[in-house]
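Once you've looked at the hints, go ahead and assemble the two chains, each given alone in its own frame, into the complex.
Residue numbers (my numbering), protein chains in the order written: chain A, 1 to 386; chain V, 1 to 145.
Don't read these hints as lab results, they were simulated from the structure.
Treat the hints with caution; some may be incorrect.
Said to hold, decoys possible - Just so you have them, the derived chain A footprint on chain V, three or more residues with Cβ under 8 Å:
id, region
1, 32-38
2, 79-89
Said to hold, decoys possible - Between beta-carbon pairs, the in silico distance windows are:
id, chain 1, residue 1, chain 2, residue 2, range
3, A, ASP264, V, GLY90, 51 to 57 Å
4, A, ARG262, V, GLY90, 50 to 56 Å
5, V, THR4, A, ASN146, 37 to 43 Å
6, A, THR164, V, ALA70, 33 to 39 Å
7, V, THR125, A, PRO88, 57 to 63 Å
8, A, ALA260, V, SER9, 54 to 60 Å
Beta carbons are placed, not taken as given, at the ideal position from N, Cα and C, and that holds for glycine.
Residues per chain, in single letters:
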Amino acid sequence: MSDPKKSDPNGPYSDSSDAPARPSFAMGRSGAESVPTKPDPMTSDAGTSKARDKGRQSSSTARPTGAGIASAPAAGTSGGSEEAEQLPPGAQVDLSAAQADSGIEEVLTGLDNELVGLDMVKTRIRELAALLLIDMQRRRFGLEGNRPSLHMSFTGSPGTGKTTVALRMADLLHRLGYSRKGHLVTVTRDDLVGQYVGHTAPKTKDVLKRAMGGVLFIDEAYYLYKVENERDYGQESIEILLQVMENNRDDLVVVLAGYADRMDTFFAANPGFGSRIAHHIDFPDYTIDELFVIAEKMLERDGYRFDEEAVPVFREYLERRMARPRFANARSVRNALERARLRHANRLIAAGGQVGLDDLVTLKPADFLGSRVFAGEGPEPDEEED
Amino acid sequence: MRITQGTFSYLPDFTDDEITKQIEYCLENGWPLSIEFTDDPHPRNIYWEMWGLPMFDLADAAGVLMEVNACRKAHPDCYVKLNAYDASLGRQTTALSFIVQRPEPEPGFRLDRQEDHDRVIRYTTRAYVVDRPTGERYRGESNGS
Numbered sequence: 001m002s003d004p005k006k007s008d009p010n011g012p013y014s015d016s017s018d019a020p021a022r023p024s025f026a027m028g029r030s031g032a033e034s035v036p037t038k039p040d041p042m043t044s045d046a047g048t049s050k051a052r053d054k055g056r057q058s059s060s061t062a063r064p065t066g067a068g069i070a071s072a073p074a075a076g077t078s079g080g081s082e083e084a085e086q087l088p089p090g091a092q093v094d095l096s097a098a099q100a101d102s103g104i105e106e107v108l109t110g111l112d113n114e115l116v117g118l119d120m121v122k123t124r125i126r127e128l129a130a131l132l133l134i135d136m137q138r139r140r141f142g143l144e145g146n147r148p149s150l151h152m153s154f155t156g157s158p159g160t161g162k163t164t165v166a167l168r169m170a171d172l173l174h175r176l177g178y179s180r181k182g183h184l185v186t187v188t189r190d191d192l193v194g195q196y197v198g199h200t201a202p203k204t205k206d207v208l209k210r211a212m213g214g215v216l217f218i219d220e221a222y223y224l225y226k227v228e229n230e231r232d233y234g235q236e237s238i239e240i241l242l243q244v245m246e247n248n249r250d251d252l253v254v255v256l257a258g259y260a261d262r263m264d265t266f267f268a269a270n271p272g273f274g275s276r277i278a279h280h281i282d283f284p285d286y287t288i289d290e291l292f293v294i295a296e297k298m299l300e301r302d303g304y305r306f307d308e309e310a311v312p313v314f315r316e317y318l319e320r321r322m323a324r325p326r327f328a329n330a331r332s333v334r335n336a337l338e339r340a341r342l343r344h345a346n347r348l349i350a351a352g353g354q355v356g357l358d359d360l361v362t363l364k365p366a367d368f369l370g371s372r373v374f375a376g377e378g379p380e381p382d383e384e385e386d
Numbered sequence: 001m002r003i004t005q006g007t008f009s010y011l012p013d014f015t016d017d018e019i020t021k022q023i024e025y026c027l028e029n030g031w032p033l034s035i036e037f038t039d040d041p042h043p044r045n046i047y048w049e050m051w052g053l054p055m056f057d058l059a060d061a062a063g064v065l066m067e068v069n070a071c072r073k074a075h076p077d078c079y080v081k082l083n084a085y086d087a088s089l090g091r092q093t094t095a096l097s098f099i100v101q102r103p104e105p106e107p108g109f110r111l112d113r114q115e116d117h118d119r120v121i122r123y124t125t126r127a128y129v130v131d132r133p134t135g136e137r138y139r140g141e142s143n144g145s
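Next comes chain V alone, as it looks inside the complex (with noise of 0.2 Å):
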């Protein structure tokens, strides 16, 4: 199942160029971009693991790539995804945010349903992958859903 999350989520996945075109436009906004990677997939799951710092006082793209790309290299069976926030008064919050990276295969979720007093039903979903210790969940051959 694969996952939806961010700005573009139901694009296909961007080409290396299309990355570099929207990191331009964050740049001539004066957005400043951050790297974020992880393997916990849950749409709740909003606290990812920074890749560096966040880059300041970049001008062209190619220096965002270069670290998107040693993201991917370090971490290949993650989300990686890449954060630009707007610190203009009155927005001062995450401007453009999108997975530049994803795993494969993606398993995907499993619904629990958990029964409750008077017949309320409360509804949990719950990654596959994280049944596996975090480093070891997208690697190999996944138990699929």
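This is chain A alone, in the form it adopts within the complex (with noise of 0.2 Å):
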């Protein structure tokens, strides 16, 4: 039976939504009317405010991306571009306009800002951004490529920013147009399998549904597949998953997170996962120096700061803490704080009488000590302690 929905693709209502709200004319175009050697054919349209800069041309054209997104002076007025006419093949582009108005910046100085150390991670996504800010730009051009496949697997110990980064990735994304929504549905094994026959399917793609527009995180997906038994529900999610990567590409990104060792026997096993994700990036464990700074941004962000004779103290915690089991990067350094305050406040309540303002910022050594870890060979831990 024919589908009645797209038999009349040229009904009296149909051209509503095919053609985009024309750009209205009457918008002041000042701003771009100044640069000399403009392309006529975009004079004509560049109502948006998008649209204006579009038809700028610069000398500035041909700068390579990579290391260039970092500079670009604020030079356009425009967001991001959408439904923009098609530019003649004589036109140029003004790349750090476009970086500038994208607004990718600021997502990428927020990441070197936030995350400490990663600078591989970090180069990674600067170099995916540039990809797709070229990509956007030849969209413009009207080279209808491949839209890049964007699906990605962040390996890495626990703690080592994989979730934070996905955020980034995923505000990134939405900023560049990849991604309608930019939101992050953060799921694991549990929320995608099912208990029973014919469970998994629906929800799985109930999670999928929740997350089109935006970015799924699977964390620990290497859980999905469980070697040992062959009937795992898992599977069945597998295959859905790679149906609806594959089908809705455009409306969906994928992210599977997990530890390098056991996510590299995931894709070993599931060919096809490996296959359609073009971006594995690795997430390095700290090291001790890049975990002290961390500590020490937590614990600004949290009103708090060394004592002087403290800082020597953490970095032994550190040191021991590292060789325990069960380390978890910057997880086990945000645990270790708390229970720093915890000791701390105990401290000062047991000390009684007058505190100031110094008081009940500075973390002491004591606060430090007062861990098990210094407690030389205690039994093992049976979960993450201090």
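Here it is as structure tokens:
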């Protein structure tokens, strides 16, 4: 039976959706007018603020992107581009303006400031941003290539910032127009895999539908596939995921996250996944210096600071903690600080008497020395402990 | 005879792009959408079959459209409609409902007149397709009207 919705594309009402609202000609374009070498065809329809600088030409057109993202002077007045008229082959686009307009610089600087270390990761993300930006410009010239595949895998130990980066990535993709809503849906195996026959497919689809228009972040993705159990429902979930990753590439971006070695096994067992994921980003463990900087940032945010004598003690703590099992990088640091605050509060209460602001914000060595990490060879920790 | 039910029923059928825009509008208003289908076109048939559960917490129309297409594929010879439910206090009812697929051809309805006491006439409409068992109604050549 024929599909009635598609049968009448030229019906009297159908053009309302195909054609984006025509830009109004009345909008001021004085900013763009002043640029001397603007190609003609653009002047007539540069109505929306975004379209305004599409026609702008600049001498810096050929600027390479990888390194250039950091510098963009805010030359344009426009936001991201949508539904602009196609540029003629002779036109030129201003990359730095495009960068500034998309607002990706903000995200990338945010990434730089917020995350300590992770230089490799940041470089990869900058490269990716450059690729997408260039792809966007290519589209403006009507080059209809395949949309670059954006599915990613983040591998690394716990606490290395995978979720935070994913959140930033969602924002980045949204600003570049590769994700319509830019929200992040974080799920684990439990959210995808059902408990009985017929439960998995609706569950997985439900999650996928919620993630449409944004980024689906599957934490500990390797749990989806259980080697020891062939009839595990995870397999069904994987199949649906693969299908949607392929068919709805424009609608959602899937990010798989997990430990590097286990993810390798996972990809080996599911070649379909490996081949559909173009960007594998590895998150290295933090060095002790980076962990210390992270700790300082966390304390600063919470309105605490290290006593001078506490600095070497905390470094010593970190060294010992890193050698112990279940060390979870930044997450362990945060937990350690939480417990230091606890001891700090108890110390003050126990001491009683008068306290000043200084006492309230300063963590002393004693607050860290109370940790079990310093207690020598204690019993193996059951859960992550200090 | 073209069935007119729900919102937009006197407009030509929507394209997928137009449907997407309507879905966007619903989602912006925070209305969860659900999909229903039936092959009994009688206007008083308000209990259509549900296609899956209502879809909550969606951010983007693509998910809904995916389900619409899945339903169309599974039931190419049924009416399919989208319902948006407004759960806000004081309304709590269907806010928007429109047909996104209709089978072809639509044979229409027969009007039955039943003579009753004292020259009273009772009227009944009856879809021609319901002469056939469900599942076979809009399949192949219809007996038309």
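A quick look at each hint next to the structure:
1. Here's how the region 32-38 of chain V fares: 0 of its residues keep a CB closer than 8 Å to some CB of chain A, so the rule of at least three is not met and the hint is violated.
2. Coverage of a stretch by a chain is defined here by at least three residues with a beta carbon nearer than 8 Å to that chain's beta carbons; for the region 79-89 of chain V and chain A the count is 0, and the condition is violated.
3. Our hint of 51 to 57 Å for ASP264 of chain A and GLY90 of chain V holds, since their Cβ atoms are close to 55 Å apart.
4. Remark: the range hint 50 to 56 Å for ARG262 of chain A to GLY90 of chain V is upheld by a beta-carbon distance near 52 Å.
5. Separation of THR4 of chain V from ASN146 of chain A is about 42 Å and conforms to the stated range, judged on CB atoms against 37 to 43 Å.
6. Separation of THR164 of chain A from ALA70 of chain V is about 35 Å and conforms to the stated range, judged on CB atoms against 33 to 39 Å.
7. Judged by the Cβ atoms, the range 57 to 63 Å given for THR125 of chain V and PRO88 of chain A holds: they are separated by roughly 59 Å.
8. With their beta carbons about 56 Å apart, ALA260 of chain A and SER9 of chain V fall inside the hinted range of 54 to 60 Å.
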